[in-house]
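2 protein chains.
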Amino acid sequence: MKGSEALIDAAIKEGVEICFANPGTTEMPLVEAIDMVPGMRPVLGLFEGVCAGAADGYGRMTGRPAMVLLHLGPGLADATANLHNARRAHTPILVVAGEHSSWHRKYDPPLTMDIQALTGTISGWQKTVNFPGEIRGSTVDAISASLQGQISTIIIPFDLQYDEAPEGKIPSPLYTCTANPVEESVISEAARILSGGKKTLLLLGGKALQKEGLMAAARIKAKTGCDLMGEMFPARIDRGAGLPDVQRVPYMPEMALEAFSKYQSIVIAGTRIPVAFFGYKNLPPVFVNETHEIFTLAEDGRDVTMALGTLADALGASTSLEEVLAQPRTFTLPVGKLTPDKICTVLAALQPENAILVDESITTGVMYHTVSSGVKPFTHLTLTGGALGFGLPAAVGAAIACPERRVISFQADGAALYTLQALWTQARENLNITTLVASNGRYDILRYELMRLGIPAAGPAASRFTELPDIDWVRLSEGFGVPAVSVSTAEALIKEFEWALKERGPRLIEMKL
Amino acid sequence: MKGSEALIDAAIKEGVEICFANPGTTEMPLVEAIDMVPGMRPVLGLFEGVCAGAADGYGRMTGRPAMVLLHLGPGLADATANLHNARRAHTPILVVAGEHSSWHRKYDPPLTMDIQALTGTISGWQKTVNFPGEIRGSTVDAISASLQGQISTIIIPFDLQYDEAPEGKIPSPLYTCTANPVEESVISEAARILSGGKKTLLLLGGKALQKEGLMAAARIKAKTGCDLMGEMFPARIDRGAGLPDVQRVPYMPEMALEAFSKYQSIVIAGTRIPVAFFGYKNLPPVFVNETHEIFTLAEDGRDVTMALGTLADALGASTSLEEVLAQPRTFTLPVGKLTPDKICTVLAALQPENAILVDESITTGVMYHTVSSGVKPFTHLTLTGGALGFGLPAAVGAAIACPERRVISFQADGAALYTLQALWTQARENLNITTLVASNGRYDILRYELMRLGIPAAGPAASRFTELPDIDWVRLSEGFGVPAVSVSTAEALIKEFEWALKERGPRLIEMKL
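Protein chains in written order, with our numbering: chain B, 215 to 727; chain V, 215 to 727.
It cannot be assumed that every hint is accurate.
Since the list can't tell identical chains apart, any single copy or any two copies may satisfy a pair.
Below, a list of computed lysine to aspartate or glutamate pairs in the DMTMM-like style, where the Cα atoms sit at most 20 Å apart [said to hold, decoys possible]: (1) Lys495 <-> Glu468; (2) Lys320 <-> Glu504; (3) Lys425 <-> Asp514; (4) Lys495 <-> Glu378; (5) Lys216 <-> Glu663; (6) Lys320 <-> Glu513; (7) Lys476 <-> Glu504; (8) Lys495 <-> Asp377; (9) Lys341 <-> Asp328; (10) Lys437 <-> Asp527; (11) Lys495 <-> Asp322; (12) Lys320 <-> Asp514; (13) Lys495 <-> Asp373; (14) Lys216 <-> Asp373.
Calculated directly from the structure, the hints in this document are not laboratory data.
Given only the sequences and the hints, what does the whole structure look like? Please build it.
Written out as structure tokens, the structure is:
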């Protein structure tokens, strides 16, 4: 068995089923290995940012790592922005980057980069394999490490891929890391604060925002009267009727500060002290202050789901949750020229049960979270790291992870343009993705920020850098093989969206604003 | 004057005239400064790889740095692949990356990355400015350092951009670095080898491949009978009738080894010992061996133009060069279904005098360099670092650098898809760029490499990762506002290409293979 086959064999046996890739010459033995060892599905992205974003969407939905196979430093560089988003989402990913043979790399051929330094910016675990005998072990270690909610990178030189790897069974990983449970004393203290009569917020993040954690939080709320709030940009939040209605930390710092000012105590579960997305002059960088009693039930990485369940039990919380769960609601469908609010309402009204909403809607979606309270249950993925180009690729990964669910990709035009090549993979793999592109022809978020900073948006540079006119999303989408249509009224959006949701395969709707 | 204005003011006074950017919130004061301080042209790229590639094309044509303004770590990450190409081309570039205010960064908000580590992979010079008083000096130092043929990066925190910078004149840079001339003894030794009667190759790279260096090389050839060869992937090579016909080091190692096997002595001018692009089992990583007498006249970074001139003088080389310069030639225009060779011939036959050819044609262009010997004088830019997505953006930069010259962008489809957003900037800035996309629907280079490695290209993964069917370049181009047409015969290509060359503004021709 070649080294490349040893790597693929170990990855498959550890449960890796998908390889999102844009390989090059130095990765060809790994491509051959995917053909030789059954069990890995190959999915091509026309740009590495597509591969990385797809692995992020896949990992958020499955909790398991996909493999991302990249061509040397430049391939990794192209994947880095979306790997940054994945890092912020604590998504498990197995990155495999090829490298020149050691006897060749020393001559510094053109593609040579400092791959270790590059991947150090996004990886929690990394290793360059140095001899064939360590390929299997490194692969299982990488996968095991990724399950802590991080990116693992294996750098594998070309010669090690085609050299024979010694026979042997797949070793067990050097370490098995399980999240330590939260100590009893911490649970007791949280229970004391929540029962203490002060106005208290239970701030939820990470896995606390998935169904099991949310239901435990609902029990805590029903018993203690605390409020629930989710982190600003959750990797994944389960929402809709029958789940507690959890609003998120507002993006605008003034609104966030006001939201937190209502509370005397804040119990943090699965996230961190809330920080402003950007620092502004004359505004504090964090949204809490010395008047708040802050208590951390579970940091990032702890088993927050179990902690919330144990806490609910400790509080003797009831299981009658009727009053704290969102009730199904009906919508009045809007009419007339599209606006961001009408778009949000149409989406919320029509999205089917069990949809996965991949949300990189930026300014157009500002109201969506509020508007969509109480819709049919669905899963909501957001832009965790602020690096644009997350949405279209993540929709690919979510659709591959959950082929029986409808994926809705709610996209700002400016962000979508970063990784529009993902549309081709949507077509190639015939994925059930409905893309809604909000086409306002501007980086509207920057115009808002210019206004905040008191900078005239009409200046030649300010306007040049914030306006993106004359983009035709129907042509771009069709150019990649995804059928598309353009709408500018609510009525047309309703008709096209309803139709698209019934179709198999991808479809894009350009929403002209 | 704010810190942001101090930076822009210093850059303009040091000769920086263009800012290719995709800025974000943390760079808005710099955008304002571009509006406040006259003299900097703002050019938006819809993806940072476009900005970086444009700065590479601009710098190769002008020898001066453009500014590339990027949004924090993710913006820099998206620019990294094309900055890698620029690094390999020794292109001067001034990268300016925003950063969170120091009092905010410590809270690790979502966009935070290790920007220093990231830029360390592509920068020759970098600095994070720490107080307003050092902004001007850091900017002039960065520009001065870039002129050594490298990327300089300034990381500037948000608060330093809007804080007042102390008044003061623009300081001179701390160091002025000039390339040291080649020592006389080295010139004499090179002259001795070239006159020694052995079969000798003068291997040219870097600035030696521009007109002045080439004409000196021609004099040396006329006098000594040596052969001339250019490096495998030159940043810029001036070519055509009236210049010496310099073929390049072949990409295929067997061909390169054969080419070098003809020589007993090799004199290197402005490049390095030639290395294989990829290392292959059973083939040497470098193309020369112990039978070659290797002598370096001038390394990368030395003033190779002057060295060649001095060497020509030392040899008493004549100025009658008729026999060593390429003669104008005529072409028989091909007919029938397009093939790579016909495409190369049509291009060579019709390209106008003084064109700039940005060449990322990969397999389709294999024959172009040979076919185009003796065409009307032009400048040829190639993919120096192997990171795909160079061509369309570099065409933007070349067209902005040389508005009076016709830019022809000769593109492989797979590579063009990496940074196709550049087409939008071509339309927005109404640049005279004619793009020829060779649309074969495959990563043909990988199929070649699979064959070399004896790996079946028909395997599910091997075919999945090398085939990219169903891409419609006319729609993609029109989606970005660039008029486009598709051709599949030589006759149609000739007609459309002739017409496009007469038009102002950008136009794309999809060449179906």
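Right, here's what the structure says about each hint:
With identical chains, the CA atoms of Lys495 and Glu468 are at most 20 Å apart within one copy only, with a shortest distance of 12 Å there and 62 Å across copies. Taking CA atoms no more than 20 Å apart as the test, Lys320 paired with Glu504 passes between copies only; the shortest distance there is 18 Å, against 55 Å inside one copy. When the C-alpha separation of Lys425 and Asp514 is checked against a cutoff of 20 Å, the pair qualifies only within one copy, where the shortest distance is 17 Å, while the shortest distance between copies is 60 Å. For the identical chains of this complex, Lys495 and Glu378 are inter-copy neighbours only, at 13 Å across copies versus 60 Å inside a copy, given an alpha-carbon limit of 20 Å.
Taking the closest pair of Cα atoms, Lys216 and Glu663 come within 20 Å of each other only across two copies (18 Å); inside a single copy the shortest separation is 54 Å, beyond that limit. Proximity of Lys320 to Glu513 under the C-alpha cut-off of 20 Å is restricted to the inter-copy arrangement: shortest distance 18 Å between copies versus 43 Å within a copy. In this assembly of identical chains, Lys476 and Glu504 lie within 20 Å of each other by CA distance solely inside one copy; the values are 14 Å within and 79 Å between copies. For the homomeric pair Lys495 and Asp377, the shortest alpha-carbon distance between copies (10 Å) is at most 20 Å, but the shortest distance inside one copy (58 Å) is not.
Taking identical chains as interchangeable, the C-alpha atoms of Lys341 and Asp328 lie at most 20 Å apart whether they share a chain (13 Å) or sit on different chains (19 Å). For the identical chains of this complex, Lys437 and Asp527 are intra-copy neighbours only, at 10 Å inside a copy versus 94 Å across copies, given an alpha-carbon limit of 20 Å. Taking the shortest alpha-carbon separations for Lys495 and Asp322, only the inter-copy value of 17 Å comes in at or below 20 Å, while the best intra-copy value is 46 Å. Taking identical chains as interchangeable, the C-alpha atoms of Lys320 and Asp514 lie at most 20 Å apart only when they sit on different chains, with a minimum of 17 Å there against 41 Å within one chain.
In the homo-oligomer, the alpha carbons of Lys495 and Asp373 lie at most 20 Å apart only across protomers (8 Å), although the nearest pairing inside one protomer, at 53 Å, exceeds that limit. With identical chains, the CA atoms of Lys216 and Asp373 are at most 20 Å apart within one copy only, with a shortest distance of 10 Å there and 54 Å across copies.
In the structure shown, no violation is registered for any of the earlier numbered hints.
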